[in-house]
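First to last, the sequence lines map onto chains F and D.
So for the first sequence, the working numbering puts the first residue at 1; every next one is plus one.
So for the second sequence, the working numbering puts the first residue at 1; every next one is plus one.
Among the hints, a few may not be true.
Since the list gives no way to pick out one identical chain from another, each pair is judged satisfied if it fits inside one copy or across any two copies.
DSBU-like mimics (lysine-lysine), calculated; alpha carbons at most 30 Å apart, straight line [claimed, not checked]:
(1) Lys334 x Lys224
(2) Lys224 x Lys91
(3) Lys26 x Lys267
(4) Lys334 x Lys81
(5) Lys326 x Lys91
(6) Lys360 x Lys267
(7) Lys96 x Lys80
(8) Lys326 x Lys96
(9) Lys267 x Lys239
Keep in mind that the hints were calculated from the coordinates and are not lab data.
There are 2 protein chains.
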Amino acid sequence: MSNDIDYRSVTCQASPNIALIKYWGKRNEELILPDNDSLSITLDLNDMHSYTTVSTSSSMICDTFYFDDIQQTKLSERMKKVLQEVRRRAKDNKIKFVEIRSHNSFPASSGLASSASAYASLAIALTNLFQLDNPQSTAAYLARIGSGSAIRSIYGGFVRWSSENECLSSCIYPAEHWSELRIIILIFNSSKKPVSSTDAMQRTRETSTLFQARLSTINDKINKLIEAIKIKDFNTFAKITMMDSSQFHAVCMDTYPPVIYLNDQSKHLIDLVHVYNQMDGNQIIKVAYTFDAGPNPFCFIRQEHVDEFLSLLKYFYPTMNDDVHKHVSNVNEKFSSINLPIMSNVLERIVLTKIGTGPKIIS
Amino acid sequence: MSNDIDYRSVTCQASPNIALIKYWGKRNEELILPDNDSLSITLDLNDMHSYTTVSTSSSMICDTFYFDDIQQTKLSERMKKVLQEVRRRAKDNKIKFVEIRSHNSFPASSGLASSASAYASLAIALTNLFQLDNPQSTAAYLARIGSGSAIRSIYGGFVRWSSENECLSSCIYPAEHWSELRIIILIFNSSKKPVSSTDAMQRTRETSTLFQARLSTINDKINKLIEAIKIKDFNTFAKITMMDSSQFHAVCMDTYPPVIYLNDQSKHLIDLVHVYNQMDGNQIIKVAYTFDAGPNPFCFIRQEHVDEFLSLLKYFYPTMNDDVHKHVSNVNEKFSSINLPIMSNVLERIVLTKIGTGPKIIS
Chain F
1 MSNDIDYRSV TCQASPNIAL IKYWGKRNEE LILPDNDSLS ITLDLNDMHS YTTVSTSSSM
61 ICDTFYFDDI QQTKLSERMK KVLQEVRRRA KDNKIKFVEI RSHNSFPASS GLASSASAYA
121 SLAIALTNLF QLDNPQSTAA YLARIGSGSA IRSIYGGFVR WSSENECLSS CIYPAEHWSE
181 LRIIILIFNS SKKPVSSTDA MQRTRETSTL FQARLSTIND KINKLIEAIK IKDFNTFAKI
241 TMMDSSQFHA VCMDTYPPVI YLNDQSKHLI DLVHVYNQMD GNQIIKVAYT FDAGPNPFCF
301 IRQEHVDEFL SLLKYFYPTM NDDVHKHVSN VNEKFSSINL PIMSNVLERI VLTKIGTGPK
361 IIS
Chain D
1 MSNDIDYRSV TCQASPNIAL IKYWGKRNEE LILPDNDSLS ITLDLNDMHS YTTVSTSSSM
61 ICDTFYFDDI QQTKLSERMK KVLQEVRRRA KDNKIKFVEI RSHNSFPASS GLASSASAYA
121 SLAIALTNLF QLDNPQSTAA YLARIGSGSA IRSIYGGFVR WSSENECLSS CIYPAEHWSE
181 LRIIILIFNS SKKPVSSTDA MQRTRETSTL FQARLSTIND KINKLIEAIK IKDFNTFAKI
241 TMMDSSQFHA VCMDTYPPVI YLNDQSKHLI DLVHVYNQMD GNQIIKVAYT FDAGPNPFCF
301 IRQEHVDEFL SLLKYFYPTM NDDVHKHVSN VNEKFSSINL PIMSNVLERI VLTKIGTGPK
361 IIS
């Protein structure tokens with residue numbers, strides 16, 4: 001294709017994001033307009049990203065999609081929706097077809113949905129390739145109609161996705177603002193297939209009697225969380241984050257039939273974090289957890305406490321796979337006072353990462 | 001003691017109850033006044049009961065309590081509170097001391113808190129022994145200050161505990177009203193100690209942002225449930241029961257730190273019940289579940305479906321203990337179409353029972 005005289009190509013990297021205040025519920029299914037504002041942290045590109053190249057030339061005879069260099073028999077409906085919107089917005093009416101090549105630097109078993117980083121990188125690459133107007137808001141719009149929360153991966157740092165007006169996203173604070181923050185992702189081995197979040201959130205909307213009450217708490221929580229981020233008040237940041245995670249799983253439970261994403265390992269980690277935080281008796285929260293639509297915890301922690309927490313994880317989740325706890329040299333015996341069972345061989349992987357600066361256009 | 005000239009004794013049997021609409025939250029800790037009305041089914045005395053004998057005579061020199069014929073070193077605070085109230089109400093000022101002898105016909109591993117049947121039988125026995133005024137409401141009051149939901153075991157059949165006025169209980173429909181209803185209790189083997197429900201409900205009150213929204217849904221649910229019981233509409237009965245169970249566990253989850261009573265086995269049973277109910281595609285609900293502050297499900301089912309459901313349980317919860325599935329002759333192969341994992345050796349016991357007619361005074 002690159003021999004074509006009008007061949008053009010753009011590559012973009014984008015990373016997943018983790019919601020501190022969860023998105024759950026669409027008031028418009030087609031345009032993916034959310035019921036509530038959400039707030040997230042975009043992860044570091046160096047640790048995990050989707051890498052998407054889009055190209056076009058007059059000699060292409062159809063749209064094509066390669067995932068991990070394997071041509072897919074057809075484009076998903078969401079991808080078609082994104083391309084349709086690109087064509088509508090493009091001034092150049094000669095745009096015919098597009099080739100999309102995408103892969104992820106992180107395996108599906110990382111516990112992270114790759115759709116956010118995949119659609120964010122696709123949206124930015126397409127916006128650039130066709131030089132669409134208002135590139136940032138256009139990319140945000142395209143990412144959103146591809147996969148709701150992908151809109152939050154359009155920016156780095158702390159990102160808010162608004163549920164009002166045009167329902168776009170914006171960076172609240174850049175990554176550098178709170179550079180000592182770390183994210184530790186625990187991957188528990190679980191073969192359970194999660195309920196599709198699109199179906200589940202629709203069911204929550206239709207059946208949960210607590211859902212509206214959740215919505216009414218969101219803006220106040222977001223304002224308090226933004227203030228905590230502003231002054232780097234980790235205690236408040238941690239508490240709001242954990243409470244919103246629990247509230248999100250509460251409305252999932254209140255759905256009929258109930259949607260239960262947390263498992264026995266999730267529950268153990270929740271108990272462990274609370275006991276650990278209370279251990280020194282000084283009211284200082286060292287670690288916060290949040291859970292998306294799955295059993296794996298995302299933990300937030302300041303750099304200074306990372307070593308101790310990794311040592312705690314090695315104590316309570318010993319495993320025969322030496323690679324899991326490779327960052328820990330020795331186990332701290334002070335954890336033996338914690339009255340919780342030790343769970344052997346349940347932890348498959350630990351990912352240690354930090355806040356990222358956002359997507360990057362390559363060449 | 002029985003040689004004493006003024007020795008008197010009363011024995012009462014009372015059974016546990018299972019809440020369809022859960023009690024969760026006290027607006028007065030001392031008097032145990034609940035935040036919301038609750039509705040329950042009292043179980044059959046023949047299958048499980050507490051058996052309590054109270055006696056008094058002028059020669060007794062202190063209050064004594066025997067549990068399973070073993071003298072306890074002291075009475076619990078709640079028991080003292082009950083006795084104090086009995087003395088306050090008794091016309092006979094000569095009442096000095098009381099001996100309490102209590103035991104349960106069912107083991108602690110039945111998944112049922114024995115405090116409801118224990119305090120109900122104690123309250124009725126004491127009310128009779130001392131011939132207190134307004135015996136029914138007095139017994140209800142005494143049971144309640146002993147252990148909140150014990151007040152619902154004062155009556156048989158379907159019982160409502162009001163959160164208004166005097167916060168007493170009443171029988172809505174007697175056991176005979178819906179005699180084909182059966183209750184199947186599954187006991188999963190779990191060594192987890194539950195969080196004390198007294199502490200947990202207080203924490204929910206203080207920290208859950210969804211708790212008030214739950215309270216506002218209760219009366220409407222109770223009215224609909226009573227109507228369903230009236231016309232024996234099992235579908236509506238089942239759906240409201242399951243939804244209130246989930247909503248109760250949702251506000252537990254929304255507590256900080258979260259209170260999680262359900263485990264992986266509970267979740268599996270929930271999924272199994274929903275798949276089973278949808279299997280015939282005829283919108284008829286055959287089984288409903290509810291969970292108290294623990295992982296063991298209480299299932300409601302009409303007599304006509306008991307055999308099939310027991311067979312389903314044998315298929316999905318095979319065990320090496322032949323006693324567990326003793327009621328099932330053969331396994332129905334039609335369940336192989338259900339796409340859920342088979343969980344071996346997780347089920348410890350099945351209790352099959354029905355609605356009971358309420359407490360009984362013996363001799």
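One pair to classify: Lys334 and Lys224, alpha carbons no more than 30 Å apart. Within, between, both, or neither?
The answer is neither: 34 Å in one copy and 54 Å across copies each exceed 30 Å.
Lys326 and Lys91: within-copy, between-copy, both or neither at 30 Å Cα:
neither (53 Å within a copy, 75 Å between copies)
Checking an output row: Lys326 and Lys96, CA cutoff 30 Å. Within, between, both or neither?
Neither: 50 Å inside a copy, 69 Å across copies.
At most 30 Å between CA atoms: does that hold for Lys224 and Lys91 within a copy, between copies, both, or neither?
Cα proximity of Lys224 and Lys91: none, with 43 Å in one copy and 59 Å across.
At most 30 Å between CA atoms: does that hold for Lys334 and Lys81 within a copy, between copies, both, or neither?
Classified as neither: same-chain Cα gap 55 Å, cross-chain 42 Å, threshold 30 Å.
Cα distance capped at 30 Å. Does Lys360 pair with Lys267 within a copy, between copies, both, or neither?
neither (37 Å within a copy, 42 Å between copies)
Checking Lys267 and Lys239: alpha-carbon separation at most 30 Å within a copy, between copies, both or neither?
Both: 17 Å inside a copy, 27 Å across copies.
Treating 30 Å as the Cα threshold, decide for Lys26 and Lys267: within, between, both or neither.
both (28 Å within a copy, 26 Å between copies)
Copy assignment of Lys96 with Lys80, given that the CA separation must stay at most 30 Å:
within (13 Å within a copy, 85 Å between copies)
Taken one by one, the earlier hints fail for this structure at numbers 1, 2, 4, 5, 6 and 8, listed in ascending order.
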